[in-house]
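Chemist: Chains as they are written, first to last, in this note's numbering: chain S, 53 to 497; chain C, 5 to 305; chain P, 111 to 440.
It is possible that some hints are incorrect.
Straight-line Cα separation of at most 25 Å, DMTMM-like style, residue types lysine to aspartate or glutamate; simulated pairs [claimed, not checked]: (1) P:K289 x S:D464; (2) S:K199 x S:D181; (3) S:K129 x C:D198; (4) P:K231 x P:D313; (5) S:K299 x P:D284; (6) C:K159 x S:D170.
Computed from the model, here is a short list of chain S residues facing chain C with C-beta under 7 Å [as the list claims (entries may be wrong)]: (7) G145; (8) G146; (9) N172.
By construction, these hints were calculated from the structure, which means they are not laboratory data.
This one's a predicted model, so the numbers in the text were calculated from it and none came from an experiment.
Using N, Cα and C, we set each Cβ at its ideal position, and we do this for glycine too.
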Amino acid sequence: MHASRHTLIALAIASVAVVTSGCTGSSPSTDPVATTVAPTEKVTITFWHGWSQPSEVKAIADNIAAFQKLHPNITVKTVPNVADDKILQGIRGGNGPDVVSSFTTDNVGMFCNGALMDLNPWLAKSGVDKNSVFLKPMVEYTQYQGKQCTLPLLGDAYGMYYNKAMFAAAGISAPPRTWSEFKADAVKLTKQSGASYSQLGFMPTFHGYENAIAHWVSQSGPTYFSADGKANIDKDPAFADFLTMQKDLVDSLGGFARLEKYRNGFGEEFSPQNAFEAGKVAMQIDGEWRTVSIRDDGVKLDWATAPLPVPDDQAASYGRGYVSGTVVGIPANSKHAAAAWEFVKYLTTDTTALVTFANAIHNVPSTHAAMSSPDLDKDAQFATFLQIAQNEQSNTTPASPNGGQYQTILQDFTYKWESGQAKDLTSGLADVDQQIDKANAQAKG
Amino acid sequence: MADLTESLALTARPRTTGAVKSDQWRRRIGVLEWVGLHAVGLGLAIVFVLPFVFLLLTSVMSSDQALTTDLWPRTWHWENYAQVFRTEGFVTWWKNSLMYAGLGTALTIVSSTPVAYALAKMRFTGRNAALMLVISMMMLPPQVVIVPMYLLWAKQFHLTGTLWPIIIPLAFGDAYSIFLLRQFLLTIPREYIDAAKVDGCGEWRTLLSVVVPMIKPALVAVALFQFFYCWNDYFGPQIYASENPAAWTLSYGLQSFKGAHHVNWNLTMAATLLVMAPVIVIFLLAQRAFIRGVTLTGVKG
Amino acid sequence: MSATTFGRGATPATARAAAWTPRQPGRRRRQNLAALGLIWPWLIGFGIFFVYPLVSTVWFSFTHYDQINPPTWVGLRNWRYVFGLHAFWQSLGNTAWLVVVMVSLRVVSGLGLGLLVVRVKRGAGLLRTVFYLPYLAPPVAATIAFAFLLNPGTGPVNTLLSKVGIQGPDWFNDPAWAKPALTLLAVWGVGDLMVIFVASLLDVPAEQYEAAELDGAGPLQRFRYITIPHLRPVLTFAAITGVIATLQYYTQAVVVAQVASGRADQPGAPFDAGYPNGSTLTLPQLVYSMGFQHFETGSACVISVVLFVIAMAFTSVLLRRGAGFIAAED
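Start from the sequences, fold in the hints, and give me the full structure.
Modeler: Here you go:
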């Protein structure tokens, strides 16, 4: 107790110094770009990641073990199960790791605001041409305003899962390719019973698992922001068109209240009780991971995958989809940047590492080389997603300075829209734009 | 305060005797009232206990059954509890919770008692102002100062990722405990303290050898409150320790446990009960000190 | 010693302050030094953990600070921004809803249970324990438990309701029912108030009831004219501390939104704060998400200042109304 009193007095004095000196942020360190570590130099780096399932934790541990075999002088200490905001908080607090990974691309804009290093000089020094190495949408979502502060480490692609038995019973031979086919099929596949359903073609409401506007609107290649950085949601018809289609679908399938009632009886998304796996819906929007879940959950289901349908007037673009993924980067205040770069380079560009990891956790590889590797698991249903990821017209949500607040604002509006609370689409989307511009201006300072 | 159960028995009597002059009609009403009261009491007691019962029943179901609407386990899986303990981190969270609650409570008692004593029994300039400040601190939502506090601990002391930012401040006195102890100290007659003074004791000697033995029950109550506060705290560990799973407490870890075992309601319920268990056991053991503490001031939000 | 220590028979603080104005300056200095010897650690803590962060919160509210690059002065911009935010008004509305509904229901049910425990003759001690226990359940655990119990699809509550032919609401998954469901959770944990009321009810002199009964007062009249006046200070205290606790309402709202939305299942998935549709978003949550998710320190601090002002307004009411219980003995 007495000893700790003394340290506390020291703390108190230190804090008085803080009060008098005012509050200063720590400035990013300026490490010279030394891309290699001398093999004699022993270095320990810390790596924070968000994987928490035992199989995933094991896969990343195997990956690290392989890296350490190549670089015996670098020891990688990992902290699993770190959520995104904790990563950002840790880096900002100055007690962060040397390498971080994040499951969402939403935060890349914030990462680029001094939190993570710009990796462009490191790529150049190591002779990596990012545009030819990585898939196009993935290069895009890992940078912000010209700063490549993260690199892609595997990715996710969104497509459609459909129940073949239900399709056959309804006399539908192939998955829908356009929105009008999609609506017709969804109606045909829906069987109402009493106040509920015995089978639903598709769950169109926006709390339904992965059914978010950001995932859908990629089917018409949206422009969220105009060239001058202003929100463009009420000007690009992609958004209004999709929302009109969605509302029409909600109404044709029995209305919002009835659908929500049905949805609240759905099981957990990542469980055998998932509505698609349980046979409650005939079609579902989902990521490539579902192919594995269905197999692992051992449900009896006659199913297949396809790209999501596209607007009728863009039928030629069928095959595209929403792409996202895990990103890795090096905090600006890392004290072992060179070793960290070795590790990041290995994780993101080493073909064997990527293929092994992709096969282990069933994500889409992020480099062209890994995509064409013969060792990659090319199960037919999984291959749908590999193709969506490689499609030239696939796209993603752009980075923003504030962790994707524009998506939250848009999403909030879609909840009001589908429930009928917001009736005027034009003024609603204009208001969304206004809020987004305000939030972005606020974040830029 | 006398033991509550005793006083319950005491006050029950006058009201029965109050009905002495009642005729038969009134007696019948009395019986009806008795039956009605006890029926309502029993009914409400069942409602209050049911949540615990459902938790327990679900915690011993199989994973598959826990996802159904079944209320009663088909087979009893007590091994779920063992599995929770084997979950990575669970034992660490226990240790961290014990450390936070144990150390936090000890520091609180040691640092708050002298302040409470000064506020209750000593005369000094600004005493009332100091009391007002204690009450203001007690009422202040922690979120009001959290941003600068976090930045202070992160950027100046580099202690984020540990539980120290929520333990160390307790060494400087906890407003709520100070207030509670002061309320109790007010009931101690001055004569005891004056007598100690006459014997030549300084303030510290008086405090340690005369006052502390007299306020033991209040110290126990305050210690229990502080222990539970730390044990239950979610906001503090979330802000300061969430970036480091090795520093998580049970209250914080339970949330991630739910995330990692999203489909295993049985395991989640078992873990939930295991987090509740220590609090409930301690309460049942120290019930009397507790109730005394709650009624001490009529506070504790 | 009981709950009614405050509010009764205490002299106003000001009167007493005058009473001991010291006549000997030397003695006064000695007393001040002695007190300082006991309270100096608290004074230091007060400076570091109260004054400093409070002052910087106000200062930060006028700056733009992303917690990486140094803060810059932006005047009233953050204030204008926050007051134009939908989320701000929504969370202010939610907090107000909780303050009004949750606090009053807690006080009423705490009083009801207290009356019951006092009047029941058999098993009063057991009842008291049963009603008190849920209050002790750690908030995270209790909230996860309620999210399970009130799960619209498979939860026991709706299962039981459907057995008697009632279709239960969607509770935490319906914007209209999420706050009532949280209120249910708060009422389950009403044991603290119940115990306070029991203690205070036992303090009512039995003769008063007997006298009133002899005068022909019915039970309702006795409650209205004897019990309530006697309880008034406790009721006021319970209401005001309840309001202040509700202004801090955080853990339950955060946990329930994560569990009910199922969004926490996938690490990295954006957290749907206030799920469903912002109906459980409270001011403290907004401070957290502004400060530690969007890293808009300035805006977070604006909300903190608003929260501070509201909390202090209620505290000052308490200080004035409760002058009796705060008053020192000497």
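Chemist: Work down the list of hints and note, for each, if the structure agrees.
Modeler: Now for the hints, and whether the structure bears them out:
1. P:K289 x S:D464: Status holds; Cα separation ~18 Å.
2. S:K199 x S:D181: 15 Å, holds
3. S:K129 x C:D198: 61 Å, violated
4. P:K231 x P:D313: Answer holds: P:K231 to P:D313 is near 17 Å, not above 25 Å.
5. S:K299 x P:D284: Roughly 19 Å separates the two Cα atoms, so the pair holds.
6. C:K159 x S:D170: 23 Å, holds
7. G145: 3 Å, holds
8. G146: Check passed: Cβ of S:G146 comes within 6 Å of chain C, closer than 7 Å.
9. N172: With a closest approach of 28 Å, the S:N172 hint is violated.
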